[in-house]
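Novice: Spelled out from the first residue to the last, the chains are:
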Amino acid sequence: MTWQGVLQIFVLLIVILPIGKLLSIYMYKFLDGGKTLTDKLFVPIEKKLYRFIGVNSSSEMAWTRYLFILLAVNFIGFVVLAILIALQPILPWFNPQHMGRVPFWTNINTSISFITNTNWQNYSGETTLSYLSQIWLTVEQFLSPVSGICIFLVVVRGFSRSNSKTIGNFWHDFVRTIIWLVIPVSFISAIVLLALGSPDNFSPYIVAHTLQGAKQVIAQGPVASMTSIMQFGDNGGGFFNANAAHPYAAPNVVSLLFQTILGMSVPVACVFLFGKMIKDKLQIKPIMAVMGVLFILGAFLMYHYEATGNPALAAHGIHLASSQNYEGKESRFGIGTSTLFNNTTTAVSWGSVAAANDSMTPLGGLIPLFNMMTGEVIFGSWGVGMVGMLAYAVLTLFLAGLMVGRTPEYLGKKIESFEVKMAVLSMIVPSLAILILSALSVAVSAGKSGIFNLGPHGLTEVLYAFSSGVGNNGSAFGGLNAASPWYSATVGIAMLLGRYPMYIPLMAMGASLAKKQKIPANAGTFPTHGILFTILLMGTVLVVGVLIFFPALALGPLAEQFAAHAGKLFG
Amino acid sequence: MYLKTLWSSLKFIVLSFLVLGLVYNLVIFGIGKLIFPGQANGSLVVQNHRVIGSSLIGQNFTSEKYFQGRPSATTPAYNAAASSPSNYGPTNPLLIKEIKTNLDRVLKENPGISASDVPPQLVESSASGIDPDISPQAAYLQVPRVSRLNHISKLALISYIKDNTVSRFLWIFGDSYVNVLSLNLEVVKLDHIEKQS
Amino acid sequence: MENEHQKDISKHAKAQSLWNKELIRFSLRQSIAKLSPRQLMGNPVMLVVEVGAILTTGEMFRYLATSGQGSNFIFTLQISIWLWLTVLFANFAEAMAEGRGKAHADELKKMRTDSPARKIVDGKIMEISSSELSVGDVVAVRAGEVIPADGDVIQGIASVDESAITGESAPVIRESGGDRSAVTGGTTVLSDEINVVVTAAKGESFLDKMIALIEAGVRKKTPNEVALSLLLSGLSMIFVIVVVTVAPFAAYSHTHVSVTVLVALLVALIPTTIGGLLSAIGISGMNRLYEKNVIALSGRAVEAAGDVSVILLDKTGTLTMGARQAATLVPAEGVDAVDLAQAALMASQADETPEGRSIVALCQSKYGLEGKSEIDREEHLFVEFSAQTKMSGVDIGARQIRKGAVKQVADWAGEAIEPQLTKYIDDMSRSGSTPLLVAENKKVLGAIELKDIVKEGIKERLSTLRSAGIRTVMITGDNPITAAAIAQEAGVDDYLAEATPVSKMEYVKSVRSEGYMVAMVGDGTNDAPALANADVAVAMNTGTMAARQAGNMIDLDSNPTKLIDIVEAGKQILITRGALTTFSIVNDVAKYFAIIPAMFVAAYPGIEALNIMHLTSPKSAILSAIIFNAIIIPILIPLALRGVKYKAKSAANILRKNLFIYGLGGLIVPFIGIKLIDMLVTTLHLVSLAK
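Chains as they are written, first to last, in the working numbering: chain A, 1 to 571; chain B, 572 to 768; chain C, 769 to 1459.
Calculated from the structure, these hints are not laboratory results.
Hints are supplied without guarantee of correctness; some may be wrong.
Listed below are several chain A residues computed to face chain C (Cβ distance under 8 angstroms; list not exhaustive) [to be verified]:
hint, residue
1, I188
2, R406
3, S417
4, A443
5, L547
6, L558
Keeping only pairs whose Cα atoms sit at most 25 angstroms apart, straight-line, the calculated BS3-like set for lysine-lysine is [said to hold, decoys possible]:
hint, chain 1, residue 1, chain 2, residue 2
7, C, K1223, C, K1417
8, C, K1211, C, K1158
9, B, K668, A, K448
10, C, K1060, C, K1417
11, A, K35, A, K279
12, C, K1175, C, K1158
13, B, K733, B, K766
14, B, K575, A, K48
15, A, K281, A, K21
16, A, K568, C, K1459
17, B, K668, A, K568
18, B, K760, A, K215
19, C, K1277, A, K165
20, C, K1134, A, K518
21, B, K733, B, K760
22, C, K1277, A, K515
23, A, K165, B, K575
24, A, K515, A, K279
25, A, K47, A, K281
26, B, K582, A, K47
27, A, K568, A, K281
28, A, K568, B, K671
29, B, K760, B, K725
30, C, K989, A, K515
31, B, K582, A, K48
32, B, K636, A, K215
33, B, K575, A, K47
34, A, K285, C, K1175
35, C, K989, A, K421
36, C, K1175, A, K518
According to the in silico footprint, chain A covers these stretches of chain C (three or more CB under 8 angstroms from chain A) [to be verified]:
hint, segment
37, 1373 to 1383
38, 1414 to 1421
From the three backbone atoms N, C-alpha and C, an ideal C-beta is built for every residue, glycine too.
Please model the entire structure based on the sequences and the hints provided.
Specialist: Shown next as structure tokens:
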């Protein structure tokens, strides 16, 4: 381990916090009717858009109506995307490599993957998709994170509003976030990525004649434009199979760092935005602290385990100049930045990778897995990370609140059986999906045959796939044969479960809270901005994750770590 | 009511596919062509009107005459049209076998060094399979061999490596590295000069 | 004497010791009866344990029938026994709590016997049975008769023995009109005769309701209990999935985990501790209130009491003694203080009112005067107080001494009060005191200040409430100036002066609309509208029927400060639940460290490293975890029945303390407990100790 490797974790957080804060001020303004500098440009566009699609953006909606439109936009997006990808062999434009038919299961899996902000890719971009299909994917990369913001707004309005039966206007929230935030930022970022070296063209793949006299075919495409929105929207679905490890996707560490900041900015901003919306900035302190500490802990441990390296090498008499685990890592990023990036993209439900997670040491690979198993709340993806953390806060407050002898309340809202029911439901669904789908996969031959690395690592591969699907993360232990019909279908189900059944109950919780009267705080109220709550909240996140997954993790990463130390291999 | 909502949603989605899909990508494409043509076209390296590669994409150097890069897990090695890591897990026997094979080759090709001199980068495969870079240590390790086989001075190579090493960004981010293609282009150039003189 | 005896019995019944023999026998019988799955439906956690116990029992018989499975049989036998015990322990806890509730209900039921009633129809009296009475009937009740139904006195005045429901032996006065008109069926008239209009039909009387409540309180879940049950069911469901999926994961890892071990893991993980004690906590909370002579008409109200942030207290009788007491003597100019005291003493000697007695006491203690020995009935001619004269006094020969209302006494004296004394008198009135004037032979001697004295210890009690975040508001009919003075002296946060029924209700409404929960005590009909609007409305048992119907709790002692106890009892229930839930959940960490290595060590020997407790063998580890899991329930029964101690402190302080005890304790205790049990299991060689 080097001091640089450790320091960069802190530097990243120090850089990202003010960026998130500034962004939250901007977001609060355009979402809450404030004036922004960009209004002159965007307001006319917004008005024309509403007129074109024929909606009213000012009428308040009940949460069910809000949800209906959200689901409609998601579902129609899914249908249109799947049709367009199916049409790939027919559509004549932007397909210089003459990419053919996309397998049915891959199409369904991919279309689900992109509308749920997962961006799990069971195909390899440069060998499967035409440039045009990649362009269609970018559309959902714009839209799916914004759905997350809408979910966030519904839940947070539950806390910020009192005695309210309505929860906002979907079109207002959705359209404004796209026009004011997503389009301008991705546009500018794409240009920055171009400047930093990523290509953007529609040329046929280049045939190079290498120095050594061989032919090398180099894949091309609109890389900068797609990378920009895939990182900013925490989509993570890259143009190339190697994702951000591909030298075109992240040609240097500056580009990768820029992408890291891009992807973290809105999740961090959502925490600040929460404070602004509930008009109590103190409340974000414990949330930020829990997220920050878990983030630092994960990044540090992952870096530590990868820098320490694979114990199996020493056990097999391989002693190199250093024990660092370079398998599946790029030279320009080194161990520190590779692990920092992969920790970031799994803490944030993002899923881009700059190094191969499957080749991490057992415990190094456990970190991204556990990041996802906690429910993607360490910043998490756009809006929904914060929503997940609020669900944890509600559960924490429920127990802690009882312990101070009052009906538990959070931010002045009473937590009663309906809220508990919804929070528990949103916790049961993902753990149920991950465990049951993983158990099925290691029980049936269709699942077992897709495992690439045998032994405990194979179990980790499977657990990782479903944790990633349910967490709407999209990163993978890449060895798993995700393109098989079994995994296409099951991970597809996991992605759907991790999006809708997980967050709809929390939206219902938000709507129920919005109806309640706010209770003023007094000395009998359990303060939720102090160190005690921070520790409790962190404890809840960790204990819930550990209690649910400990047996599975014991047979996966933990067993593998012990085996590796003993030099046992699984072939 | 519901039908009207569905109709609005459909109109919105179709518009999105046109604007966020086609318009957005084409505009970025245009800006790239105009302002950053080099990057936009893939940072290609052209010699004598022939594309010999991309400065960002690693090439497969198997000849001992050249500096060699990271082991590649793509098929064939350094396949820039199908990037991929090995995905070997830490307790996969194939991983141990790969590392042992690579180590044996490195030790054979570079006489006089021992396993404990070999940086893991040289025997463990990259994440993309087309990693264009290696660490300066991995390059220095190969200097005696390259210099001997091409009859060029070690000093010239060492100083070129030193000058072309990209260090950590802001002293902390990433790792220092040197581009293998650029090293080998220098080797060819020096070799050429050597032969002329 | 007999009353004293009755009181003793009822007090005794209420303060039953935890380990009363009969109660334990009842509970033991009940815990077997409660094994019926239908009974367990309401408690999903324990239902899961029972299903698990059935499974392992089946396994046990399978091992018994298979040769060479001796070691597995012994192990499964013991696991099964402990699983059944776990369910029985939980049932026992519930039965204990129910048994205590039932004892109260039985006691009340004894009173619900048919009694003869004398119904008045068209001025004639008809003898009928109390069960034939309906609402609106008028009955006549004489001394020595039992009041046949709940009702209001419409004619007459009587002293009534209500000890049967209150445990209080002193008879209470019931009279028509006013706030003391309500009578309860089953109580006995001691003197005089009253006519009572029946207000509650058969089966809906106050007594019936109380019995029904105590019995139903045993079954009905309160809102927070429902929410907690949901959380516990959710957790149990998650753990069922965790354990069910362990089987395929283990199979993939080429290891077999027996049904017994899977069930053991499941039972260890699901929150059995709180699942087993949850209903006991709720029931015993209601019982604790009953022991304080408060009947909660709903569990919801008890929980709401824990949430209260504003308490409305009546000034008179709650914050102050209620009776005004002499505080100071102010002599007029040129009058010696001792002369004034002497006169005041003599004027009050025959005054048996509390005020009169307090004047005597003041004169004696402050001026060292002699007391009643001087009284000579021949010589002293006492003048009684009358509503017309508004003064009383004594004529001793030529000496005429009078004390009384300022205006009347001054008029009697026919002398203007000198300015200095007038000022004092005005000050007294302003500060809420009542001035009396003392005059002798047409000469004003001075004034006596009668003060409504704030009860001792009230200020401290209110300030602890404040630190727990509860605001106290005094309600009084006094004018604002008087109210402010008393409010300051009593240390309340706010006051509502010149209170009327409407203003009280409006106040309750306005505080509630700000989001606060309000508790209030009332006894009069004029309190009823406000009570009906309060979240916790405690009606005095001596109060009117209107007040009692508007309340959701009845204080049998009619002691308004009881509200504070009620709030604390409400908090205690919630704290106990939260504490035991936390304890139960964090226990899982240690259980994992016991069971997981034991389960998987065969597949991956390296996992032994997770056996940080160094438990002897896989079988001993699992058995120890299950034994710990079972015996922790009876160990915690006393805590569940008694409740976690509550002291009014800020929420953060309470939480820190409880987290430390039940959170950190819950983390550490099972590590120690399981290790100790494992040592015992190892020593006794209860299971195979093979690694």
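Novice: The structure should be examined with respect to each hint, and the outcome stated for every one.
Specialist: The hints, checked one at a time:
Residue-level restraint check for A:I188 is violated (minimum Cβ-Cβ distance to chain C is 44 angstroms; threshold 8 angstroms). Because the beta carbon of A:R406 sits about 5 angstroms from the nearest beta carbon in chain C, less than 8 angstroms, this interface hint is met. Taking 8 angstroms as the C-beta cut-off, the interface hint given for A:S417 holds, the closest approach to chain C being about 4 angstroms. Hint status for A:A443: holds, given a least beta-carbon distance of 4 angstroms to chain C, under 8 angstroms.
Because the beta carbon of A:L547 sits about 5 angstroms from the nearest beta carbon in chain C, less than 8 angstroms, this interface hint is met. Evaluation of the A:L558 hint against chain C yields a held restraint, the C-beta minimum of about 7 angstroms falling below 8 angstroms. For the hint linking C:K1223 to C:K1417, the alpha-carbon distance of about 22 angstroms falls within 25 angstroms, and the restraint holds. Restraint check for C:K1211 and C:K1158: the C-alpha separation of about 18 angstroms stays at or below 25 angstroms, so the hint holds.
Our distance criterion of 25 angstroms between C-alpha atoms is met by B:K668 and A:K448, whose separation comes to about 24 angstroms. With a CA separation close to 22 angstroms, the supplied pair C:K1060 and C:K1417 stays within the 25 angstroms bound. Annotation: proposed proximity of A:K35 to A:K279 holds, straight-line Cα distance about 18 angstroms (limit 25 angstroms). At roughly 9 angstroms between alpha-carbon atoms, C:K1175 and C:K1158 fall within 25 angstroms of each other, so this suggested pair holds.
Restraint check for B:K733 and B:K766: the C-alpha separation of about 24 angstroms stays at or below 25 angstroms, so the hint holds. Proximity of B:K575 to A:K48 is assessed by CA-CA distance (about 18 angstroms); at most 25 angstroms being required, the pair is judged to hold. Between the alpha carbons of A:K281 and A:K21 the distance comes to roughly 11 angstroms, so the proposed pair stays at or under 25 angstroms and holds. Distance check on the hinted pair: A:K568 and C:K1459 sit about 21 angstroms apart at the alpha-carbon level, within 25 angstroms; holds.
With a C-alpha separation of about 14 angstroms, the suggested pairing of B:K668 with A:K568 holds against the 25 angstroms cut-off. A C-alpha spacing of about 21 angstroms is found between B:K760 and A:K215, which places the hinted pair at or below 25 angstroms, so the restraint holds. Proposed proximity of C:K1277 and A:K165 is supported: the alpha carbons are some 22 angstroms apart, at most 25 angstroms. The suggested pairing of C:K1134 with A:K518 is violated, with an alpha-carbon distance near 55 angstroms, which exceeds 25 angstroms.
The suggested pairing of B:K733 with B:K760 holds, with an alpha-carbon distance near 17 angstroms, which does not exceed 25 angstroms. With a C-alpha separation of about 19 angstroms, the suggested pair C:K1277 and A:K515 falls inside the 25 angstroms cut-off, and the hint holds. Taken as a hint, the A:K165 and B:K575 pair is honoured in the structure, with Cα atoms around 23 angstroms apart against an allowance of 25 angstroms. Among the hinted pairs, A:K515 with A:K279 is consistent with the structure: their alpha-carbon atoms are about 18 angstroms apart, no more than 25 angstroms.
Distance hint between A:K47 and A:K281 is unfulfilled; the C-alpha atoms sit about 33 angstroms from each other, more than 25 angstroms. Restraint check for B:K582 and A:K47: the C-alpha separation of about 15 angstroms stays at or below 25 angstroms, so the hint holds. Distance restraint check for A:K568 and A:K281: the Cα-Cα separation of roughly 52 angstroms exceeds the 25 angstroms cut-off, and the hinted pair is therefore not satisfied. For the suggested pair A:K568 and B:K671, the alpha carbons sit about 16 angstroms apart, so the restraint of at most 25 angstroms is met.
For the hint linking B:K760 to B:K725, the alpha-carbon distance of about 14 angstroms falls within 25 angstroms, and the restraint holds. Only pairs whose Cα atoms come within 25 angstroms are accepted, and C:K989 paired with A:K515 is accepted, the gap being roughly 24 angstroms. A C-alpha spacing of about 13 angstroms is found between B:K582 and A:K48, which places the hinted pair at or below 25 angstroms, so the restraint holds. A hinted pair counts as satisfied when its Cα atoms are at most 25 angstroms apart, and B:K636 with A:K215 qualifies at roughly 19 angstroms.
Using a Cα cut-off of 25 angstroms, the hinted pair B:K575 and A:K47 holds, with the two alpha carbons roughly 19 angstroms apart. At roughly 67 angstroms between alpha-carbon atoms, A:K285 and C:K1175 are farther apart than 25 angstroms, so this suggested pair is violated. Using a Cα cut-off of 25 angstroms, the hinted pair C:K989 and A:K421 holds, with the two alpha carbons roughly 16 angstroms apart. A distance of roughly 53 angstroms separates the Cα atoms of C:K1175 and A:K518; the hinted pair therefore is violated under the 25 angstroms criterion.
For the segment 1373 to 1383 of chain C, the proposed coverage by chain A is satisfied: 5 residues have a C-beta within less than 8 angstroms of a C-beta in that chain, meeting the threshold of three. For a cut-off of 8 angstroms, the count of residues in the segment 1414 to 1421 of chain C with a CB near a CB of chain A stands at 4, and the three-residue condition holds.
Of the hints listed earlier, those the structure fails to meet are numbers 1, 20, 25, 27, 34 and 36, in rising order.
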